[in-house]
Every structure is written in structure tokens, then in C-alpha cells.
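So the chains spell out like this:
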Amino acid sequence: MIDKRMTADEVVAELRDGMTIGIGGWGSRRKPMALVRAILRSNLRDLTVVSYGGPDVGLLASAGKIRRLVFGFVTLDSIPFDPHFAAARQDGRIEVTEYDEGMFHAGLSAAVKRLPFLPIRAGLGSDVVTVNPGLRTVRSPYSDGEELLAVPPLRLDAALVHLNRADMHGNAQYLGPDPYFDDDFALAADRCFVSTERVVDTAELTAEGPVQSLLLSRSAVTGVVQAPHGAHFTSAAPDYGRDERFQRHYAASAKDPEEWPRFVDRFLSGDEERYQAEVTRFTSEEAAV
Amino acid sequence: MSEATRAEIAIVACAELFRGDGEVVASPMGLVPAIGARLARMTFEPGLLMTDGEAYLVAGTPGEATTIEGWQPFKKMLDTVVPNGKRHVVMGTNQLDRFGNQNISAIGPHSRPDRQLLGVRGAPGNTVNHRTSYWVPKHSTRVFTSEVDVVSGVGYDRASAGGPAASRYHDLHRVVTNLGVCDFDTPTRSMRLASVHPGVTVDEVVDNTSFELDTSAVTETRLPTDEELRLIRDVLDPDATRDKEVRA
Chain A
902 MIDKRMTADE
912 VVAELRDGMT
922 IGIGGWGSRR
932 KPMALVRAIL
942 RSNLRDLTVV
952 SYGGPDVGLL
962 ASAGKIRRLV
972 FGFVTLDSIP
982 FDPHFAAARQ
992 DGRIEVTEYD
1002 EGMFHAGLSA
1012 AVKRLPFLPI
1022 RAGLGSDVVT
1032 VNPGLRTVRS
1042 PYSDGEELLA
1052 VPPLRLDAAL
1062 VHLNRADMHG
1072 NAQYLGPDPY
1082 FDDDFALAAD
1092 RCFVSTERVV
1102 DTAELTAEGP
1112 VQSLLLSRSA
1122 VTGVVQAPHG
1132 AHFTSAAPDY
1142 GRDERFQRHY
1152 AASAKDPEEW
1162 PRFVDRFLSG
1172 DEERYQAEVT
1182 RFTSEEAAV
Chain B
40 MSEATRAEIA
50 IVACAELFRG
60 DGEVVASPMG
70 LVPAIGARLA
80 RMTFEPGLLM
90 TDGEAYLVAG
100 TPGEATTIEG
110 WQPFKKMLDT
120 VVPNGKRHVV
130 MGTNQLDRFG
140 NQNISAIGPH
150 SRPDRQLLGV
160 RGAPGNTVNH
170 RTSYWVPKHS
180 TRVFTSEVDV
190 VSGVGYDRAS
200 AGGPAASRYH
210 DLHRVVTNLG
220 VCDFDTPTRS
230 MRLASVHPGV
240 TVDEVVDNTS
250 FELDTSAVTE
260 TRLPTDEELR
270 LIRDVLDPDA
280 TRDKEVRA
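So the protein lines, in turn, are chains A and B. Mind the numbering: the first sequence is residues 902 to 1190 in this note's numbering, read in order. Mind the numbering: the second sequence is residues 40 to 287 in this note's numbering, read in order.
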């Protein structure tokens, strides 16, 4: 079997300007942040980002990486709004395709199943259809004749997801309470790159969790990146929860044009190792206050 | 028992939203609706199902050990729970118009908003699939607007214009605020002031609403019972966090 281990920077080297990139997780939960940080360090641009959005979207928007965002929401969960995303929208710096959460999933599912669309009730009557004039409806061929929204596939050039464990071949496992939509992202994409807390032997996967926790099959995975704390500052339960103190620091810094360059300088200008070291330092400084 | 506060009256009005719902998932957003839903489950609506805000359905009452009674990750919620309809959501809103159209997406033009909000989230799907209520902690003309900028949750007029598939399961129930309770029980399905909370006048609600409210049959919101007050104060919210959402 193939050894698919690679580094975050090697993943980013596989991506190209203008690609459509799906990002797994949900809000500020199990986001592939180490891979996002690698994109921040790169020259990639003009991306179409498809995400149940959290700080991944805010950070990529702040660095000018996003041309278009496909989303249903962007939130930090315990903090309602991401300041960078708000600023990017209010300054007109990004284009958007705004969907209902269920429509978003229907679009991913259509891509997974290689269908031209999936019908859904969600969106009808709302301004989702007004602000997305390309959306079409479809009439049931049966006697009910219902006219439903036909959500086109959200096909992705690449998907980035973060799982608790993976083997070197790409079999990947979630150990928290919610798989989110990472399996759909993986199968909707031409190539899926998984970052993981720990690369383990295949046999260890079922030793640590039930077989139902094996979310991604290696056939859906192109590359595996070992990235401990790679979802930080979002949650990766049960390995760690959301770093609320750090997230507050992120949001406060993002809101303040004077403070943001200092945040970038300290946390985002170096590599992942430097980031994690600075986070450790930040945590002990804050604990001492 | 000391007199009920406004927050406590609002909690009971939120609990009343769920009366008769049976075994459906109650999804209250906001502190007062969350306490209200739990109060309803502890008293007159024991069949309600509730999540822990993550992926578990949890049984039992606060103070007891939490018992997981089900698994409802986000995908299951969007794929089956919402479209299947056994759910009653109480959403917040930044704007709400006379027919119950809600905006949580953006203020101003969608192409370049004056103020970006959350995004439409699941509001379009919620409103055309199952019963929906709203909670407004501060009733004001800023929230109760004549038109909303981005229709997220679908109101009665837009559901009707959206065709039979949009209106088939559409069911806007009530709007609870810090001042009173509104519903849509009018011939045109426009908003009606159903009750004012004790100590609030009809004029006060009208003055804080940008559109014309039907005020032809306004009653007074019922007071909490002594048992409800005890549950709110001693069991559900002993730290009185409710007073942060609704000022006395």
C-alpha cells in the first residue's frame, strides 16, 4: 500500500491559483488550520473557498487569498462574527455564493454522487434564490408536481480536512462526537489532503475507536500530514477543545488594524513549529496574568 | 415568592411556544428560549428532545447527570431532521418584517453589505420545513422593520410566492420579545400582537415596531406559576444569566 505522508507545505505546492478548495470542519470546529496556515505562507491566490466557515475563512480573507466564497455562514461559534470576513465583505473584497446550510450539503452530495443536481426544499422563497440568479428549479415528474430547487454540484479541485487519527495510507478517523461533512468534502474533491493529530498504524485505528469512526477511506485520500494541534485554535475533540482564550485574542486582534500586524508577525510569519511554540508561550503568559 | 421579572415572563412565553409539540427536537437559540424549552420539558411538554449544542440529544434535567439519549450530528440534522419536520426552531433575528421574513445574513445590499452578519445559515431550510418561532430580546424598530434586507427565514408572503413546495410545510408560529408575544393569526398572515407582558402597554409595542401591527385582540401574557418560578430560579438558571439577556 502507498505511503501518502507529506508535509503541509508539500500539500500547498500541489495547489494552484484559481482552484476551488473545500475546507472541512464546521464553524470553529476541527478546521485544518495547519494547512490553512501553510496557504497563508504561500503565494496562492484567487481561490474559490467552499466552507461551513470559521476562522479558516477569516484568515484566508485577511491574506487576500479568496476570490469567491461559497458559504452558509461564517462564525467563530463562541464569538458570533469573524472580523476579517466581515471586513472583506463590507469592503467588497470577495465575491460570494451564499447558500442555506442544507443546500450547501446538497451541492456537496451532488458532487459526491456525480449528479447534475439534487432537489431540495430549502432556499425556496428566500433571497438565496435572488442573490444566486443562476439557480434553477426542477419539477417533480410524479403526480405531486412539486417544484423544488435544483442545487448544482459543488465540485472541488481539492479538499482539506483535519481528522483525529489517520494511517499513512489515508484511512482517517474522527474520535469526537461529530464527523461534520468531511467525508463529503473528500469525495466531492479531485484530491483530498488530510491533516491529522497523529499518524498511527492501521491496526491502532480500531483499537482507539469504534469502526464507525473510520470516516475516510484511503481511496478518497491523496495525502496525509501529521499535524499535532493542527486544528488549533478550533476544537479537535477529544484531543483538545477550542482554545477560547486564543480565539478571543485572534478576534480582538482582527478587529484592530494596529494590532493585527503584530498578531501576524508573532503567529503567522513563521512556520507551523514557530506557530505552535508561540501559542505555548502565549498560553503560559496568559495563565500568569 | 417575589414577583416575576420580565425575563422570567419571557421564559414562560418561550416555554409556551412548545405546548402541544410532543416528541420533536426543540432547537432554541438564545438563552431565554433555551431556559424556556427546558422549563416546558420539565413541566407540560415532557416529550421534547433537546441537543447539547453539539452532536448529542440529552435527556434529564440540569443538576442530574446528563444522559445521552441520541446522536444528532450536523449532517443528520440537515439531511433528515430538518427535512423530516419533527423539529421546532426558535431563531434569533437581526430584522423581521410584518409577514415574518427574517434577516440574519447582512444589513444593506448583499453585493457589498454595510454590515455582514452570520449568513443565512439554516434559516431558509428551517422555515420551509418545520415549525419556526422567533425570539427578540430587545423589541425595537431596528429589528421590526418594514422590509428586511436579505430574506433568510421565509415569511408567509414569500412562502406563498415561492410556490406550493415552499408553503407546504411552512409554519411560522410566534414571535416572543421582551415586550410581548406576536403571532400571524390574521386573514393576510401579517403579524398580530397577541399579548403584552404585564407592565407593558400596547402603545409601547406599537412605538417600537416599524410596520402596522394588528392590535385588535391583545391579551396579557400569563404570569409564571410559583412552581415555574422555583424551577427557573433554583434549578434552570440559579446564576440569573437571564437578566443579562432581558433587563428587568
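Don't take each hint at face value.
[To be verified] Calculated pairs, DSS-like style, for lysine-lysine (alpha carbon to alpha carbon, straight line, at most 30 angstroms):
1) B:K125 x A:K1156
2) A:K1014 x B:K125
3) B:K114 x A:K905
[Claimed, not checked] Computed footprint of chain A on chain B; a stretch qualifies when at least three of its residues, placed anywhere within it, have a C-beta under 8 angstroms from a C-beta of chain A:
4) 88-100
5) 108-120
6) 191-205
7) 248-262
In case anyone wonders, no lab produced these hints; they're calculated from the structure. By construction, the Cβ of each residue, glycine as well, lies at the ideal position given by its N, Cα and C atoms.
Quick rundown of the hints versus the structure:
A distance of roughly 40 angstroms separates the Cα atoms of K125 of chain B and K1156 of chain A; the hinted pair therefore is violated under the 30 angstroms criterion. Restraint check for K1014 of chain A and K125 of chain B: the C-alpha separation of about 27 angstroms stays at or below 30 angstroms, so the hint holds. In summary, the hint linking K114 of chain B to K905 of chain A is supported, as the alpha carbons are separated by about 28 angstroms, within the 30 angstroms threshold. Only residues whose C-beta sits within less than 8 angstroms of a C-beta in chain A count toward coverage, and the stretch 88-100 of chain B has 3 of them, enough to reach three; the restraint holds.
Coverage of a stretch by a chain is defined here by at least three residues with a beta carbon nearer than 8 angstroms to that chain's beta carbons; for the stretch 108-120 of chain B and chain A the count is 6, and the condition holds. With 11 residues bearing a CB less than 8 angstroms from a CB of chain A, the stretch 191-205 of chain B meets the requirement of three and the coverage assertion stands. Residues of the stretch 248-262 of chain B with a Cβ under 8 angstroms from some Cβ of chain A number 0, which does not satisfy the need for three, so the listed coverage is violated.
In terms of the numbered hints stated before, the structure departs from hints 1 and 7, listed from lowest to highest.
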